[in-house]
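Undergrad: Spelled out from the first residue to the last, the chains are:
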Amino acid sequence: MIKESPVHFHRMKDMPSTHLLGTGTPMCAGCGALEALHNMYDILGEKTVFVNAAGCMTLLSVYPFTPFRGGWLYTSMASAPAGAQGVRDAMDILLEKKKLSEDDNMEVVVLTGDGSAYGMGLSSTSGAMDRNLNFIYLCYDNEGYGNTGQQYSAATPHAALTSTSKGSHGYPGFKKDLFSIWAAHHPAYVATIIAAEPLDLAKKIEKLQTMKGPRMLIALSPCPTGWDYDPQLSVEIGRLAVQTGVWPLKEYIDGKVVHTKIPKKTKLGQRTPVEEYLKLQGRFKHLFHPQRDEQGIAEIQARIDAYWDKVTS
Amino acid sequence: MTRKLLTGNGAAAWGARLAQADYIPAFPITPQTEIIEDISIWIDRGEMDARMVTLESEHSMITAAGSAASSGVRVFTATSSQGLLYGMEMIYTVAGWRAPFVMVNVSRGLSSPITLESDHNDIMAARDSGFLQIHCATCQEVCDSVLMAFKLAEHKDIRVPAIVNLDGFYLSFTREPVNLPDSDKAAAFVGEFDPENLQFKGSAPLSQAMAVLGGGPYSYFRYEAHLAVQRALSVYDEIADEFADTFGRHYDIIENYQMDDAEYVFVMVGSFATKAHDAVDSLRDAGWKVGLARLRVFRPFPQERIRQLLKGRRAIAVIDQNISMGMGGVLHSEFATALYGQKDAPAVLASFIGGLGGRDISQQEFYEMINELKQAADKGVCPPARLLYTQNELTEIRKLQAIAQVEHAEINQK
Chain A
1 MIKESPVHFH
11 RMKDMPSTHL
21 LGTGTPMCAG
31 CGALEALHNM
41 YDILGEKTVF
51 VNAAGCMTLL
61 SVYPFTPFRG
71 GWLYTSMASA
81 PAGAQGVRDA
91 MDILLEKKKL
101 SEDDNMEVVV
111 LTGDGSAYGM
121 GLSSTSGAMD
131 RNLNFIYLCY
141 DNEGYGNTGQ
151 QYSAATPHAA
161 LTSTSKGSHG
171 YPGFKKDLFS
181 IWAAHHPAYV
191 ATIIAAEPLD
201 LAKKIEKLQT
211 MKGPRMLIAL
221 SPCPTGWDYD
231 PQLSVEIGRL
241 AVQTGVWPLK
251 EYIDGKVVHT
261 KIPKKTKLGQ
271 RTPVEEYLKL
281 QGRFKHLFHP
291 QRDEQGIAEI
301 QARIDAYWDK
311 VTS
Chain B
1001 MTRKLLTGNG
1011 AAAWGARLAQ
1021 ADYIPAFPIT
1031 PQTEIIEDIS
1041 IWIDRGEMDA
1051 RMVTLESEHS
1061 MITAAGSAAS
1071 SGVRVFTATS
1081 SQGLLYGMEM
1091 IYTVAGWRAP
1101 FVMVNVSRGL
1111 SSPITLESDH
1121 NDIMAARDSG
1131 FLQIHCATCQ
1141 EVCDSVLMAF
1151 KLAEHKDIRV
1161 PAIVNLDGFY
1171 LSFTREPVNL
1181 PDSDKAAAFV
1191 GEFDPENLQF
1201 KGSAPLSQAM
1211 AVLGGGPYSY
1221 FRYEAHLAVQ
1231 RALSVYDEIA
1241 DEFADTFGRH
1251 YDIIENYQMD
1261 DAEYVFVMVG
1271 SFATKAHDAV
1281 DSLRDAGWKV
1291 GLARLRVFRP
1301 FPQERIRQLL
1311 KGRRAIAVID
1321 QNISMGMGGV
1331 LHSEFATALY
1341 GQKDAPAVLA
1351 SFIGGLGGRD
1361 ISQQEFYEMI
1371 NELKQAADKG
1381 VCPPARLLYT
1391 QNELTEIRKL
1401 QAIAQVEHAE
1411 INQK
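Residue numbers (the working numbering), protein chains in the order written: chain A, 1 to 313; chain B, 1001 to 1414.
Honestly, the hints are just simulated from the structure, not real lab data.
In silico BS3-like links for lysine-lysine, alpha-carbon gap of 27 angstroms or less: (1) 99(A) to 1156(B); (2) 1156(B) to 97(A); (3) 1156(B) to 98(A); (4) 98(A) to 1185(B); (5) 1185(B) to 97(A); (6) 1185(B) to 99(A).
Part of the chain B face toward chain A, derived, beta carbon under 10 angstroms: (7) 1062; (8) 1071; (9) 1089; (10) 1097; (11) 1200; (12) 1205; (13) 1211.
Source: prediction; values computed, not measured. Cβ coordinates follow ideal geometry from the N, Cα and C atoms, glycine included.
Hey, can you work out the whole structure from these sequences and the hints?
TA: The following block contains the structure:
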């Protein structure tokens, strides 16, 4: 399955114009996760088996309809990477025994939300990386248990209101650094992506196609229903997540972390302030209403600044 | 044919080897671990052409077993007790995938209290999952049942996974002479795995294990699985006959011993039935018309055969090595379901619970059960369920409790 192509995706014009994923799925309007999946699937192509964990995407394939032109297997919330292990091993056995032609071989892709990836599924994900499983893993991270109505998860950012953190200060915890946890396993590849930056996403997918082993992706996935904003703002919020530095686009490869898009600073030497990102979302409205929570906003900004100071110093 | 001295675990591993399983997802747990150790050594030595992978839990192991079977290879796996329960979400799930593979469960009591020794609460917890269940009483039967289970699970009219159950310690670690089938004959008997529609292929798009909306489609697929499991009864008979023709050993769905004229019947599953077997011999010598019915195939549950078998008997003792808290023996209630309202059903269907967590069931206790059956039959009244426990055992636990109290008091003083 390894492709040895040089980078094809230089400009938006280079992106695939055909869209593989079928329409009419029950995902919410403006779903940032579906957009990321679209972008990824178009590049990976039809010879892909998605092994799905319980989450929003479970509803993509509801009998008798499927939007996938390749394979799909729904497993459970905790064990999608183990499902991928069985599929990959079985296909390798069949290839070895000449019961499956190289032409019929498929790429195995785990598809999970953050509820699974950051929590219940972390053990099986870790196990799959330990075993150097040859697979791709896409976590669509909408920062909460979205399919059940956005309760906070280990991916929820500090201060976000969720349906289980409705108090005046929102979620008291901090978003878990899953990227680093994954990278500590030394898999072939780890990257963060976002659908609002399709060129960056495409380059990363293309790059991981040239590799074998565990290739791990976290896609921050703006979620109109969970984050409480108008669906038409999904792309803008996604871009702001990158421009403000909330969502660093980066990759881990050969033991090194490289940032693929460093947020630009204005003439005053500032990145876009994080409040531009926060104020568009109902889950952060308590930071602005009934009065501005200067301290709360400043704390969030300070954490972002501290992150980027380390990166750029 | 080779004759070998094998443990139950060794016999299970040989079953997988002779069935030419392609893929062994594994996870160690006492008293099962020897099975995967044996297989791993054979693979390393090149004696078994299979791929083995140790997952990080039984939940993942059963997921990988199901997904590999759903991708078109023959899968064998094994677990026990806490492991079976840890994977229980996937036990139900992969049965619903209609993924045919074979899993050996080495029965062990469930926590808590935590123990390593055998009873059947673990396997009974998988009762409603959609897995077929074959229960073994000897090491020979373990090896043979694994071969038969593959053929049964993969049969075109069935297509569900199967569990072959053996008792921890009593079988898992007990060496018995086992006649190993010739590998060519075994391979020919089991046949090639036909994945049918179960595979992922670039040229043949397929979505498996999809969600359904609404009770209509859900019920349909659940009923389909139920009916498939039920069909396994008649298919089992065919497979058992073929096995007997090939290897000379015949295994009925219910193994009967001294049943022809039996007025009193012990009903059991698993290796402790060999103890009942001895008791029947002694009781026969003493003039009792007593027999033993050992249920080998527990899922599908052979209701009609049980009715025919027990029709007109005086009294039945169902001996459960499991306990459903607040209800009693699982096997007993299943037999009651089969017999209730049937013409000529025995008036007495007594429940005895024993053999929990490796506890023995002594010959004396079998004699007591027969006495109780006779008295109940004479009166025409079914006795309340009995929890087997001896005065001696009670004395022993009282001693342990006394020590615990002393220990506790000492610690509190410090």
